[in-house]
Amino acid sequence: MKPAKTRQIRHVPQSWSEIPWGEFYRDALTQHLQPRLDKMYGFHLLKIGNLSAEIDTENCAISHQVNVGLSGNDLHVKADPMSLPFESKSVDACLLAHSLAWSSDPHRILREVDRVLIDDGWMIISGFNPFSVLGMGKLIPGLHRRVPWNSRMFTQMRLMDWLGLLNYEVVQRTRFQVLPWNRQGGKVISTHFPALGCLSIIVARKRTFPLIMNPAKKAAVNRRLSPAVGATRQFRSRQRHQDSD
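Numbering (numbering that gives the first Met the number 0), first residue to last: 0 to 244.
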(Lines of atoms letter the chains of each structure in order from A and count residues from 1; the text may use other names and numbers.)
(Lines give C-alpha, C1' and ligand atoms only; values in the text may rest on other atoms or scores of the structure.)
Protein backbone atom coordinates (compact mmCIF):
# COMPACT_ATOMS: atom_id res chain seq x y z
CA MET A 1 0.00 0.00 0.00
CA LYS A 2 1.32 3.43 -0.94
CA PRO A 3 1.96 5.86 1.91
CA ALA A 4 -0.68 8.53 2.46
CA LYS A 5 1.84 11.34 2.77
CA THR A 6 3.48 12.48 -0.43
CA ARG A 7 5.25 15.45 -1.95
CA GLN A 8 3.42 18.63 -2.82
CA ILE A 9 0.92 17.93 -5.60
CA ARG A 10 1.19 20.15 -8.65
CA HIS A 11 -1.70 21.73 -10.53
CA VAL A 12 -4.21 21.75 -7.69
CA PRO A 13 -7.57 22.98 -9.07
CA GLN A 14 -8.99 26.06 -7.35
CA SER A 15 -12.46 25.54 -8.80
CA TRP A 16 -14.62 22.81 -10.30
CA SER A 17 -14.46 24.71 -13.58
CA GLU A 18 -10.73 23.89 -13.79
CA ILE A 19 -11.55 20.16 -13.83
CA PRO A 20 -12.75 18.55 -17.07
CA TRP A 21 -16.52 18.12 -16.63
CA GLY A 22 -16.02 19.47 -13.12
CA GLU A 23 -19.32 21.34 -13.04
CA PHE A 24 -21.15 18.07 -13.72
CA TYR A 25 -19.29 16.44 -10.82
CA ARG A 26 -20.18 19.38 -8.58
CA ASP A 27 -23.89 19.26 -9.45
CA ALA A 28 -24.01 15.48 -8.97
CA LEU A 29 -22.31 15.74 -5.57
CA THR A 30 -24.75 18.46 -4.51
CA GLN A 31 -27.69 16.30 -5.53
CA HIS A 32 -26.45 13.19 -3.70
CA LEU A 33 -25.43 15.12 -0.57
CA GLN A 34 -28.72 16.96 -0.22
CA PRO A 35 -30.69 14.18 1.57
CA ARG A 36 -27.89 13.75 4.11
CA LEU A 37 -27.39 17.49 4.67
CA ASP A 38 -31.10 17.93 5.33
CA LYS A 39 -30.82 15.63 8.37
CA MET A 40 -27.85 17.41 9.95
CA TYR A 41 -28.27 19.95 12.72
CA GLY A 42 -26.10 22.17 14.87
CA PHE A 43 -24.54 25.60 14.84
CA HIS A 44 -21.43 25.50 12.62
CA LEU A 45 -20.67 23.81 9.28
CA LEU A 46 -17.07 23.89 8.05
CA LYS A 47 -16.48 23.56 4.29
CA ILE A 48 -12.79 22.84 3.76
CA GLY A 49 -11.19 23.73 0.44
CA ASN A 50 -12.28 25.66 -2.62
CA LEU A 51 -14.16 22.70 -4.09
CA SER A 52 -16.15 22.29 -0.87
CA ALA A 53 -16.97 26.01 -0.89
CA GLU A 54 -18.70 25.65 -4.27
CA ILE A 55 -21.01 22.86 -3.08
CA ASP A 56 -24.51 24.27 -2.55
CA THR A 57 -25.49 23.65 1.09
CA GLU A 58 -28.13 26.36 1.53
CA ASN A 59 -30.84 23.84 2.43
CA CYS A 60 -28.77 22.43 5.31
CA ALA A 61 -30.28 23.09 8.74
CA ILE A 62 -26.89 24.34 9.96
CA SER A 63 -27.15 28.03 9.12
CA HIS A 64 -23.64 29.25 10.04
CA GLN A 65 -21.40 27.91 7.29
CA VAL A 66 -17.72 28.82 6.95
CA ASN A 67 -15.54 28.24 3.87
CA VAL A 68 -11.87 27.62 4.71
CA GLY A 69 -8.91 27.35 2.35
CA LEU A 70 -5.51 28.71 1.47
CA SER A 71 -6.64 30.94 -1.39
CA GLY A 72 -9.79 31.68 -3.34
CA ASN A 73 -12.63 34.15 -3.84
CA ASP A 74 -15.42 32.29 -2.01
CA LEU A 75 -13.51 31.77 1.23
CA HIS A 76 -14.48 33.28 4.58
CA VAL A 77 -11.31 32.24 6.38
CA LYS A 78 -7.95 31.86 4.64
CA ALA A 79 -6.02 29.18 6.49
CA ASP A 80 -4.20 25.92 5.96
CA PRO A 81 -6.60 22.94 6.33
CA MET A 82 -3.76 21.11 8.08
CA SER A 83 -3.81 23.73 10.84
CA LEU A 84 -7.36 24.97 11.31
CA PRO A 85 -7.71 28.20 13.35
CA PHE A 86 -10.64 26.94 15.42
CA GLU A 87 -11.04 25.70 18.96
CA SER A 88 -11.26 22.00 19.69
CA LYS A 89 -14.78 20.56 19.60
CA SER A 90 -16.32 23.75 18.22
CA VAL A 91 -17.74 22.56 14.86
CA ASP A 92 -20.81 20.38 14.27
CA ALA A 93 -20.05 19.16 10.72
CA CYS A 94 -17.22 19.28 8.18
CA LEU A 95 -17.45 18.89 4.42
CA LEU A 96 -14.35 17.59 2.63
CA ALA A 97 -15.40 17.65 -1.02
CA HIS A 98 -12.33 16.18 -2.74
CA SER A 99 -10.17 17.90 -0.11
CA LEU A 100 -8.11 14.74 0.47
CA ALA A 101 -7.76 14.12 -3.26
CA TRP A 102 -5.28 16.97 -3.72
CA SER A 103 -3.71 16.89 -0.25
CA SER A 104 -0.08 15.98 0.37
CA ASP A 105 -0.92 14.75 3.90
CA PRO A 106 -4.55 13.53 4.20
CA HIS A 107 -3.89 12.04 7.65
CA ARG A 108 -3.06 15.45 9.05
CA ILE A 109 -6.23 16.97 7.61
CA LEU A 110 -8.34 14.20 9.14
CA ARG A 111 -6.69 14.72 12.52
CA GLU A 112 -7.37 18.45 12.37
CA VAL A 113 -11.00 17.88 11.41
CA ASP A 114 -11.31 15.37 14.24
CA ARG A 115 -9.90 17.94 16.65
CA VAL A 116 -12.41 20.68 15.81
CA LEU A 117 -15.45 18.38 15.54
CA ILE A 118 -17.73 17.99 18.53
CA ASP A 119 -18.68 14.55 19.85
CA ASP A 120 -21.19 12.94 17.47
CA GLY A 121 -20.25 15.51 14.82
CA TRP A 122 -20.47 14.69 11.11
CA MET A 123 -17.65 14.32 8.60
CA ILE A 124 -18.47 14.13 4.88
CA ILE A 125 -15.75 12.99 2.47
CA SER A 126 -15.97 12.80 -1.31
CA GLY A 127 -13.41 11.75 -3.89
CA PHE A 128 -12.79 9.90 -7.13
CA ASN A 129 -13.11 6.13 -7.27
CA PRO A 130 -9.84 4.49 -8.41
CA PHE A 131 -11.73 1.46 -9.78
CA SER A 132 -13.90 3.50 -12.14
CA VAL A 133 -13.26 4.26 -15.81
CA LEU A 134 -12.03 7.67 -14.73
CA GLY A 135 -9.67 6.06 -12.22
CA MET A 136 -8.22 3.77 -14.86
CA GLY A 137 -6.99 6.90 -16.64
CA LYS A 138 -4.14 7.11 -14.12
CA LEU A 139 -2.59 4.12 -15.90
CA ILE A 140 -2.28 6.00 -19.19
CA PRO A 141 1.22 7.49 -19.64
CA GLY A 142 1.16 11.28 -19.47
CA LEU A 143 -2.50 11.48 -18.48
CA HIS A 144 -1.80 10.83 -14.80
CA ARG A 145 -0.12 14.25 -14.55
CA ARG A 146 -3.24 16.13 -15.64
CA VAL A 147 -6.28 17.18 -13.63
CA PRO A 148 -8.20 15.22 -12.33
CA TRP A 149 -5.98 12.17 -12.83
CA ASN A 150 -3.18 13.74 -10.77
CA SER A 151 -5.41 13.57 -7.67
CA ARG A 152 -5.10 11.03 -4.85
CA MET A 153 -7.78 8.39 -5.47
CA PHE A 154 -8.37 6.47 -2.23
CA THR A 155 -10.61 3.43 -2.00
CA GLN A 156 -13.55 3.50 0.38
CA MET A 157 -12.05 0.65 2.40
CA ARG A 158 -8.87 2.64 2.99
CA LEU A 159 -10.81 5.73 4.05
CA MET A 160 -13.00 3.63 6.34
CA ASP A 161 -9.86 2.18 7.93
CA TRP A 162 -8.54 5.68 8.65
CA LEU A 163 -11.89 6.75 10.09
CA GLY A 164 -12.06 3.62 12.23
CA LEU A 165 -8.71 4.45 13.81
CA LEU A 166 -10.11 7.87 14.71
CA ASN A 167 -13.19 6.20 16.25
CA TYR A 168 -15.70 7.26 13.58
CA GLU A 169 -18.80 5.33 12.62
CA VAL A 170 -19.55 5.26 8.90
CA VAL A 171 -23.29 5.84 8.62
CA GLN A 172 -23.47 6.01 4.82
CA ARG A 173 -21.24 5.33 1.85
CA THR A 174 -22.10 5.38 -1.83
CA ARG A 175 -20.53 5.44 -5.28
CA PHE A 176 -22.21 6.68 -8.43
CA GLN A 177 -21.46 7.47 -12.03
CA VAL A 178 -21.54 10.91 -13.67
CA LEU A 179 -21.88 11.31 -17.42
CA PRO A 180 -20.80 14.66 -18.92
CA TRP A 181 -23.86 14.80 -21.18
CA ASN A 182 -26.34 13.99 -18.39
CA ARG A 183 -26.40 16.04 -15.15
CA GLN A 184 -28.50 13.35 -13.50
CA GLY A 185 -25.57 10.94 -13.73
CA GLY A 186 -25.23 7.46 -15.21
CA LYS A 187 -28.29 5.78 -13.70
CA VAL A 188 -27.50 2.34 -15.13
CA ILE A 189 -24.01 2.16 -13.62
CA SER A 190 -25.08 3.89 -10.39
CA THR A 191 -27.98 1.46 -9.89
CA HIS A 192 -26.59 -1.87 -11.09
CA PHE A 193 -22.81 -1.39 -10.90
CA PRO A 194 -22.20 1.19 -8.12
CA ALA A 195 -18.68 -0.13 -7.49
CA LEU A 196 -17.69 1.30 -10.88
CA GLY A 197 -19.05 4.78 -10.18
CA CYS A 198 -16.51 7.56 -10.61
CA LEU A 199 -17.53 9.52 -7.49
CA SER A 200 -17.45 8.28 -3.91
CA ILE A 201 -19.10 9.71 -0.79
CA ILE A 202 -18.61 8.68 2.84
CA VAL A 203 -20.61 10.13 5.74
CA ALA A 204 -19.26 9.37 9.23
CA ARG A 205 -20.00 10.43 12.81
CA LYS A 206 -17.52 10.99 15.59
CA ARG A 207 -18.15 8.54 18.42
CA THR A 208 -16.86 8.46 21.99
CA PHE A 209 -16.96 5.43 24.27
CA PRO A 210 -18.13 6.10 27.86
CA LEU A 211 -15.56 5.55 30.62
CA ILE A 212 -18.30 4.59 33.11
CA MET A 213 -19.48 1.00 32.77
CA ASN A 214 -23.16 0.73 31.86
CA PRO A 215 -25.49 -1.24 34.23
CA ALA A 216 -25.76 -4.30 31.95
CA LYS A 217 -21.99 -4.80 31.77
CA LYS A 218 -21.62 -4.09 35.48
CA ALA A 219 -24.19 -6.78 36.34
CA ALA A 220 -22.41 -9.30 34.09
CA VAL A 221 -19.09 -8.62 35.81
CA ASN A 222 -20.70 -9.04 39.24
CA ARG A 223 -22.12 -12.40 38.20
CA ARG A 224 -18.67 -13.59 37.15
CA LEU A 225 -17.06 -12.38 40.37
CA SER A 226 -19.65 -13.70 42.83
CA PRO A 227 -18.53 -17.37 42.75
CA ALA A 228 -14.93 -16.34 43.38
CA VAL A 229 -15.99 -14.12 46.28
CA GLY A 230 -18.06 -16.97 47.80
CA ALA A 231 -15.14 -19.38 47.53
CA THR A 232 -12.85 -16.92 49.29
CA ARG A 233 -15.30 -16.50 52.13
CA GLN A 234 -15.61 -20.30 52.56
CA PHE A 235 -11.81 -20.67 52.60
CA ARG A 236 -11.44 -17.99 55.28
CA SER A 237 -14.21 -19.60 57.35
CA ARG A 238 -12.46 -22.98 57.29
CA GLN A 239 -9.20 -21.33 58.28
CA ARG A 240 -10.81 -19.72 61.34
CA HIS A 241 -12.32 -23.09 62.43
CA GLN A 242 -8.94 -24.81 62.12
CA ASP A 243 -7.22 -22.12 64.17
CA SER A 244 -9.81 -22.37 66.91
CA ASP A 245 -9.31 -26.18 67.13
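Take these hints with a grain of salt, some might be off.
Stated by the list, open to error - Using C-beta positions, here's what the derived DEER-type ranges look like:
no.	residue 1	residue 2	range
1	Lys88	Ile139	39 to 49 Å
2	Glu86	Arg107	12 to 22 Å
3	Ile139	Glu168	16 to 26 Å
4	Lys88	Leu138	40 to 50 Å
What the hints assert, rightly or not - No more than 27 Å apart at the CA atoms, straight line, and that leaves these computed lysine-lysine pairs for DSSO-like:
no.	residue 1	residue 2
5	Lys205	Lys4
6	Lys205	Lys77
7	Lys205	Lys88
8	Lys137	Lys4
9	Lys88	Lys38
10	Lys77	Lys137
11	Lys137	Lys38
12	Lys205	Lys38
13	Lys88	Lys77
Calculated from the structure, these hints are not laboratory results.
Even for Gly, the Cβ is constructed at its ideal location relative to N, Cα and C.
Okay, the hints, checked on the actual structure:
no.: 1; hint: Lys88 - Ile139: 39 to 49 Å; verdict: holds, 44 Å
no.: 2; hint: Glu86 - Arg107: 12 to 22 Å; verdict: holds, 18 Å
no.: 3; hint: Ile139 - Glu168: 16 to 26 Å; verdict: violated, 37 Å
no.: 4; hint: Lys88 - Leu138: 40 to 50 Å; verdict: holds, 42 Å
no.: 5; hint: Lys205 - Lys4; verdict: holds, 23 Å
no.: 6; hint: Lys205 - Lys77; verdict: holds, 25 Å
no.: 7; hint: Lys205 - Lys88; verdict: holds, 11 Å
no.: 8; hint: Lys137 - Lys4; verdict: holds, 18 Å
no.: 9; hint: Lys88 - Lys38; verdict: holds, 20 Å
no.: 10; hint: Lys77 - Lys137; verdict: violated, 31 Å
no.: 11; hint: Lys137 - Lys38; verdict: violated, 36 Å
no.: 12; hint: Lys205 - Lys38; verdict: holds, 16 Å
no.: 13; hint: Lys88 - Lys77; verdict: holds, 20 Å
Violation of the numbered hints given earlier is confined to hints 3, 10, 11; the remaining hints are satisfied by the structure.
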